[in-house]
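J.: Taken in order, these protein sequences are the chains called U and V. Letter by letter, the first sequence follows residues 1 to 65 in the numbering used here. Letter by letter, the second sequence follows residues 1 to 257 in the numbering used here.
Heads up, some of the hints might be wrong.
What the hints assert, rightly or not - Once the Cα atoms are required to be at most 30 Å apart in a straight line, the calculated DSS-like pairs of lysine-lysine come out as: (1) V:K3 to V:K50; (2) V:K77 to U:K15; (3) V:K211 to V:K253; (4) V:K211 to V:K3; (5) V:K50 to V:K211; (6) U:K15 to V:K50.
Simulated from the structure, these hints should not be mistaken for laboratory data. Here the structure is a predicted model, which is why all the values come from computation and not from measurement.
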Amino acid sequence: MQITVNGERHEVAAKTLAGLLGELDYEGAWLATARNGEVVHREAREQCPIEDGDRIEILSPMQGG
Amino acid sequence: MLKLYGKQYHSRLLLGTAQYPSPAILATAVEVARPSLVTISLRREAAGGKSGGEFWSLISSLGVDVLPNTAGCHTVKEAVTTAQMAREIFATDRIKLEVIGNADTLQPDVFGLVEAARVLTDEGFEVFPYTTEDLVVAERLLDAGCQVLMPWCAPIGSARGPLNPDALRSLRGHFPDTPLIVDAGIGRPSHAAAVMELGFDAVLLNTAVAKAGDPALMAAAFADAIGAGRAAFEAGLLEPRDMAVPSTPVFGKAVFS
Chain U
1 MQITVNGERH EVAAKTLAGL LGELDYEGAW LATARNGEVV HREAREQCPI
51 EDGDRIEILS PMQGG
Chain V
1 MLKLYGKQYH SRLLLGTAQY PSPAILATAV EVARPSLVTI SLRREAAGGK
51 SGGEFWSLIS SLGVDVLPNT AGCHTVKEAV TTAQMAREIF ATDRIKLEVI
101 GNADTLQPDV FGLVEAARVL TDEGFEVFPY TTEDLVVAER LLDAGCQVLM
151 PWCAPIGSAR GPLNPDALRS LRGHFPDTPL IVDAGIGRPS HAAAVMELGF
201 DAVLLNTAVA KAGDPALMAA AFADAIGAGR AAFEAGLLEP RDMAVPSTPV
251 FGKAVFS
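Go ahead and model the full structure; you've got the sequences and the hints to work with.
T.: As structure tokens, then:
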């Protein structure tokens with residue numbers, strides 16, 4: 001299944017967003033996620049399906065002004 | 001004391017966390033200046049990356065409240081989604097709302113700003129809008145539910161200081177009870193003191209501290225200048241006069257001729 005994660009194409013097997021984070025070695029409580037432009041909260045990731053062509057954003061804290 | 005969305009703060013300095021030579025120097029600057037809030041952002045994390053976690057650990061260790069921003073967002077949708085993601089990570093309803101309208105000047109898109117402010121206020125956010133010094137836009141932001149206004153005084157990172165003091169003075173006059181924070185364009189402590197003397201409630205700055213030769217020393221200088229400017233405003237400033245006025249009493253002066 002082809003999806004886009006943070007602007008890059010990935011071939012993945014995960015069926016859920018939580019599974020995707022594990023498959024791509026993301027870890028930590030400081031991540032925020034969105035699927036196709038909509039926020040997916042932490043507690044919803046287990047139920048959030050991953051489908052072919054999805055656009056996933058995975059963000060974390062960074063310096064800002 | 002500075003009060004923003006019902007919370008009191010001891011300091012009238014809000015400090016950005018970007019562009020410091022090192023995380024340790026950032027930490028020292030924050031410890032020296034003790035700002036009321038530090039601004040932070042969100043960016044894409046690389047797979048397996050730990051940089052976000054390390055930065056968040058550093059910020060958490062400083063014991064200062066955070067003000068997440070939507071820097072770099074050019075649409076209402078981007079800004080709203082970023083704000084929602086920031087709320088989840090940072091566990092705060094505060095959001096510094098930026099909707100950029102022009103890539104060269106980083107001037108806010110005030111139309112999108114008002115729209116995004118309304119959406120986020122309805123979702124329970126405490127919106128700190130990065131805006132221009134335009135009076136009518138300020139009114140619209142307050143109508144949208146904002147309880148704080150953050151006009152620029154010059155373009156972000158330009159270090160030019162207050163370009164339009166009359167407009168800043170006008171904002172102060174029109175909104176005597178709304179916290180007004182100058183956000184962006186401050187280059188020197190004297191700029192910060194000048195806007196504080198106009199009666200602004202606080203100053204948000206980043207580059208002028210982070211890019212100083214000694215950021216911690218500059219952070220302290222800004223904290224002092226902001227305190228001095230505020231004290232001067234509260235004390236009541238002497239207005240400029242057209243003519244000289246002797247400070248030493250003329251009465252009783254000896255006559256020798």
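J.: Taken at face value, is the distance from the CA of V:K50 to the CA of U:K15 at most 30 Å?
T.: holds, 24 Å
J.: Are the Cα positions of V:K3 and V:K50 separated by 30 Å at most?
T.: violated, 35 Å
J.: Does V:K253 lie within 30 Å of V:K211 when you go C-alpha to C-alpha?
T.: Violated: V:K211 and V:K253 sit about 54 Å apart, past 30 Å.
J.: Are V:K77 and U:K15 close enough, with their CA atoms no more than 30 Å apart?
T.: holds, 27 Å
J.: Given the hinted pair V:K211 and V:K3, is their alpha-carbon gap at most 30 Å?
T.: Within the cut-off at roughly 29 Å; holds.
J.: Does the structure keep V:K50 and V:K211 at a Cα separation of 30 Å or less?
T.: holds, 25 Å
Violated hints, listed in ascending order, are 1 and 3; each of the other numbered hints is respected by the structure.
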